[in-house]
Amino acid sequence: QQQVKQSPQSLIVQKGGISIINCAYENTAFDYFPWYQQFPGKGPALLIAIRPDVSEKKEGRFTISFNKSAKQFSLHIMDSQPGDSATYFCAASWGAQKLVFGQGTRLTINP
Amino acid sequence: KAGVTQTPRYLIKTRGQQVTLSCSPISGHRSVSWYQQTPGQGLQFLFEYFSETQRNKGNFPGRFSGRQFSNSRSEMNVSTLELGDSALYLCASSLFVQGFNYGYTFGSGTRLTVV
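Chains as they are written, first to last, in our numbering: chain A, 1 to 111; chain B, 1 to 115.
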């Protein structure tokens with residue numbers, strides 16, 4: 001119940017394309033769903049986050065879609081750029097509790 | 001605005017030794033969490049401190065411990081190091097106001113290698 005399942009493990013997208021990463025969770029108590037971006041040698045950096053009272057949140061080229069009934073959420077990166085090549089992690093938490101992370105997706109944007 | 005600072009960036013230790021890692025959170029952040037990142041297990045929660053009290057604890061053996069000081073700086077200690085403790089140890093600070101979490105900011109981590 002504590003798990004967050006993330007897919008795919010790796011993803012290759014052409015420059016200008018749309019990158020889509022999916023996550024699923026079981027614990028309905030989760031109330032905070034962030035996405036993190038991590039470059040080699042760096043810690044994860046918060047990209048965008050959503051709470052379950054909204055179905056979509058957009059910040060620039062990054063959009064979270066949230067489906068509460070299906071217990072799924074996804075990250076869409078529009079107009080993907082080579083600089084977006086990184087590892088992306090979804091996560092979930094509830095209240096003041098710990099973050100539970102997905103296993104990560106290694107995204108490669110081909111120029 | 002300074003970010004989360006972790007020291008040292010790299011450490012090499014021998015099996016059986018102990019190690020202390022340090023984390024300075026963003027000014028004003030009273031919550032500090034520690035995570036272990038490995039290729040096999042991903043990001044796993046170690047513990048969280050808030051106002052000098054351990055508020056949450058993950059599923060790690062007692063060899064892993066931590067503490068937080070009055071200035072919110074935190075340290076984690078690993079005793080009797082094992083080869084499997086080799087990992088990137090990440091610290092994250094967060095701002096909680098009236099129970100609302102405004103998000104976690106991670107440091108760049110300490111890369112620990114146990115030989």
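Calculated directly from the structure, the hints in this document are not laboratory data. For glycine and all other residues, C-beta sits at the position ideal for the given N, C-alpha and C. One should not assume that every hint holds.
[As the list claims (entries may be wrong)] Derived list of chain B stretches under chain A, where covered just means 3 residues or more per stretch with a C-beta under 8 Å from a C-beta of chain A:
1. 30–43
2. 47–58
3. 70–77
[Claimed, not checked] Some, not all, of what chain B presents toward chain A, calculated at C-beta under 10 Å:
4. 2
5. 4
6. 64
7. 80
8. 81
9. 101
Here is how each hint holds up against the structure:
no.: 1; hint: 30–43; in the structure: holds (count 5)
no.: 2; hint: 47–58; in the structure: holds (count 5)
no.: 3; hint: 70–77; in the structure: violated (count 0)
no.: 4; hint: 2; in the structure: violated, 14 Å
no.: 5; hint: 4; in the structure: holds, 8 Å
no.: 6; hint: 64; in the structure: violated, 14 Å
no.: 7; hint: 80; in the structure: violated, 25 Å
no.: 8; hint: 81; in the structure: violated, 22 Å
no.: 9; hint: 101; in the structure: holds, 6 Å
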